[in-house]
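Q: Okay, here's what each chain looks like letter by letter:
There are 2 protein chains.
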Amino acid sequence: MQDQLDIIRRGAIEILVEQELIEKLQLKRPLRIKAGFDPTAPDLHLGHTVLLNKMRQFQDIGHEVIFLIGDFTGMIGDPTGKNATRPPLTTEEVQANARTYTEQVFKILDPVATKVVFNSQWMSELDAADLVKIAAKHTVARMLERDDFDKRYTAGQPIAIHEFLYPLIQGYDSVALESDVELGGTDQKFNLLVGRQLQQAYGQAPQIVLTMPLLEGLSGGDKMSKSLNNYIGIAEPANDMFGKLMSISDELMWRYFELVSFRSLSDIEDLREQTRAGRNPKEVKIELALEIVSRFHDTASADRACHAFNQRFAQGQLPDEIAEVTVVVGTQGLPLANVLKAAGLTASTSESHRMVGQGAVRIDGAKVENGRQLLDGGQAFVIQVGKRRIARVLLSAS
Amino acid sequence: MQDQLDIIRRGAIEILVEQELIEKLQLKRPLRIKAGFDPTAPDLHLGHTVLLNKMRQFQDIGHEVIFLIGDFTGMIGDPTGKNATRPPLTTEEVQANARTYTEQVFKILDPVATKVVFNSQWMSELDAADLVKIAAKHTVARMLERDDFDKRYTAGQPIAIHEFLYPLIQGYDSVALESDVELGGTDQKFNLLVGRQLQQAYGQAPQIVLTMPLLEGLSGGDKMSKSLNNYIGIAEPANDMFGKLMSISDELMWRYFELVSFRSLSDIEDLREQTRAGRNPKEVKIELALEIVSRFHDTASADRACHAFNQRFAQGQLPDEIAEVTVVVGTQGLPLANVLKAAGLTASTSESHRMVGQGAVRIDGAKVENGRQLLDGGQAFVIQVGKRRIARVLLSAS
Chain C
3 MQDQLDIIRR GAIEILVEQE LIEKLQLKRP LRIKAGFDPT APDLHLGHTV
53 LLNKMRQFQD IGHEVIFLIG DFTGMIGDPT GKNATRPPLT TEEVQANART
103 YTEQVFKILD PVATKVVFNS QWMSELDAAD LVKIAAKHTV ARMLERDDFD
153 KRYTAGQPIA IHEFLYPLIQ GYDSVALESD VELGGTDQKF NLLVGRQLQQ
203 AYGQAPQIVL TMPLLEGLSG GDKMSKSLNN YIGIAEPAND MFGKLMSISD
253 ELMWRYFELV SFRSLSDIED LREQTRAGRN PKEVKIELAL EIVSRFHDTA
303 SADRACHAFN QRFAQGQLPD EIAEVTVVVG TQGLPLANVL KAAGLTASTS
353 ESHRMVGQGA VRIDGAKVEN GRQLLDGGQA FVIQVGKRRI ARVLLSAS
Chain X
3 MQDQLDIIRR GAIEILVEQE LIEKLQLKRP LRIKAGFDPT APDLHLGHTV
53 LLNKMRQFQD IGHEVIFLIG DFTGMIGDPT GKNATRPPLT TEEVQANART
103 YTEQVFKILD PVATKVVFNS QWMSELDAAD LVKIAAKHTV ARMLERDDFD
153 KRYTAGQPIA IHEFLYPLIQ GYDSVALESD VELGGTDQKF NLLVGRQLQQ
203 AYGQAPQIVL TMPLLEGLSG GDKMSKSLNN YIGIAEPAND MFGKLMSISD
253 ELMWRYFELV SFRSLSDIED LREQTRAGRN PKEVKIELAL EIVSRFHDTA
303 SADRACHAFN QRFAQGQLPD EIAEVTVVVG TQGLPLANVL KAAGLTASTS
353 ESHRMVGQGA VRIDGAKVEN GRQLLDGGQA FVIQVGKRRI ARVLLSAS
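So the sequence lines, in the order shown, correspond to chains C and X. If you read the first sequence in the working numbering, its first letter stands for residue 3, the second for the next number, and so on. If you read the second sequence in the working numbering, its first letter stands for residue 3, the second for the next number, and so on.
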């Protein structure tokens, strides 16, 4: 029991209510663990895997994981008609997205212990009167307590009434599934609690809500997201994945160990101890990168990526300690020449262009040829100018 | 056109937007006039007929009247489960109520020119996704502008989310019916405007909204309602109806002429002129009572009721001018003996009992035998004590 609890607690921000979780675990039956996913964004990145890892941990200790695809609202699209980028999905599109999803998630989840369900299965059976009855179980005031609703209402920004129905639909999924535990990011806490409350209204034992943190992107700070371009896609080539993981800061590395690595907490504590005792953090980061790349590719690919990475940096040429510099590149990006100057690697943009022209500038070990190339925010690179000037440059959009 | 407008405007509080109404009338086609009714309260009183009269007026000038029974929400009942007095209605109960309704309303409306419809006809075809789409057409902030929602929200009283859906459903009825005009009481103005706005969202020309005042009950002030017991049911016996109409004040009589009588506005102006010139208002009130009783019974019954009324008051004995006294009887009612004292007709309750015992007390001309009988609020009677003491007593609950 204590082992189970330790595994469940790992990385979690909140467990509501932990005492109820303990009672459920004492039932000695597989618990029904629900996690919901949007059917419109099937390209998973490492940030998504924080939740998937938690699901996997539940599987490892014998529980039933329900991978819920919220296709019901996806098939409605944007009912206000204002957002042309959210057309209603067809059943075929939902199925295709679901296949892309499951191909990716089964690199983490155990397919045998995973139940993939679509909420359209029960939601499309409901008529308007049924939805009225669900809506009767919650109040306007409580819904307006949700952070984003509260802010928009206070700021006089419109909230369409159907937006109040979506958390209820998500909550009703918990009723339909009779879930014991629902997992989600911290940004989902309100909606997960609606599920808890609706289950009580329908006479069920309320689910336990477990929230996981949002993984920071490569440059730290902001959460990992496609739109900030600070992500590692789980389908990316092994070399890219390895290089990106090696670019994160030594501090962020421990966060990734906790949330992304499968290594035990005591293993991770050992590694921390070793670096405190003088071990080069770069070596530890290589262990992390090898583990993650192996998971999404295989051990041989991970080893090759590691070898290629070291080759690029011409083993031994890189100092063990590299200064870290953050450069704000704005939302439009910044030309490389300006980034070099801003990072203090050159004295001026004209020196930048001269050094690029001489073939003396390398990004992640690869020679660059154009000082005008735009670098976008949300990335991090090791940049060398000549032999001695070197820095880990974090590019920030804001 | 001007004649049509005069008829339509009679008694109306607001016409939104009158210019659009004029344009619709210029189309020279029968307009679709919608008015919605609750399927749970089939006992109509004179207050309800204010709206029915307006519907009748539209029929008289050639328009199509749609008598909408809102059975969809009636068949849901109270979805919060808190109100045991609002059980879900079955289809059979709705049909039975509808029959009771139409039996009554066709005393005013022309059955041939009336279309009776049930909104379950289109609402039960909608699934949950359709309702989500309707809900997307309105905002939380606009819904919270409705008077009662605003008050409850501000006072911290709960508003269940389905309550936001009901005005939308009512509004969607206008879309389904493609109504040109919707009629309602002033208390319905917000909901009628939702219909206007939803029609626009669905690409239809918005309906014109016409609101009618709420008819005051027999003792004036409060609106006529069953719960205040200040009403005249349209199925009441002719004698009761006649007596109740004769009990209203001379001032309220003109209000009833405008809202309940079918006499033309110029006829009514003539009657006012006559009373100003010295005609006894009691004679004019008899004309009103004869008209109304004839409508819900027939001319012969009305004449008989008039005769009986005059008999009871032993023609000639009643002075032409009777003092009017309001007695507050509370929500529990008050014994007759106390009412007599409070009205100044006796000096004490013991005198009241003595006079009753002597057979000297008459209510609406009929001798009473028990001074302890409770009199409820919302009624009005002519009460005599002996020959000389007489008053029109209005009993008020608050």
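Think of the hints as simulated: they come from the structure by calculation, not from any bench. Mixed in with the good hints, there may be bad ones.
[Said to hold, decoys possible] Cβ-to-Cβ under 7 Å is the rule here; a few derived chain C residues that face chain X:
#1 Ile78
#2 Thr82
#3 Ala130
#4 Val134
#5 Lys135
#6 Ala138
#7 Thr141
#8 Ala157
#9 Pro160
#10 Ala162
#11 His164
#12 Cys308
#13 Ile324
#14 Glu326
#15 Val327
#16 Val330
[As the list claims (entries may be wrong)] Derived CB-CB ranges, DEER-like:
#17 Glu25/X / Thr82/C: 26 to 36 Å
#18 Glu127/C / Ile15/X: 41 to 51 Å
#19 Asp80/X / Glu25/C: 53 to 63 Å
#20 Pro89/C / Glu180/X: 23 to 33 Å
#21 Asp149/C / Thr156/X: 20 to 30 Å
#22 Ser268/X / Pro90/C: 31 to 41 Å
#23 Asp150/X / Asp149/C: 19 to 29 Å
Built from N, CA and C at the ideal position, the CB exists for glycine as well.
Q: Which of the listed hints are broken here?
A: 8, 12, 13, 14, 15, 16, 19 and 22
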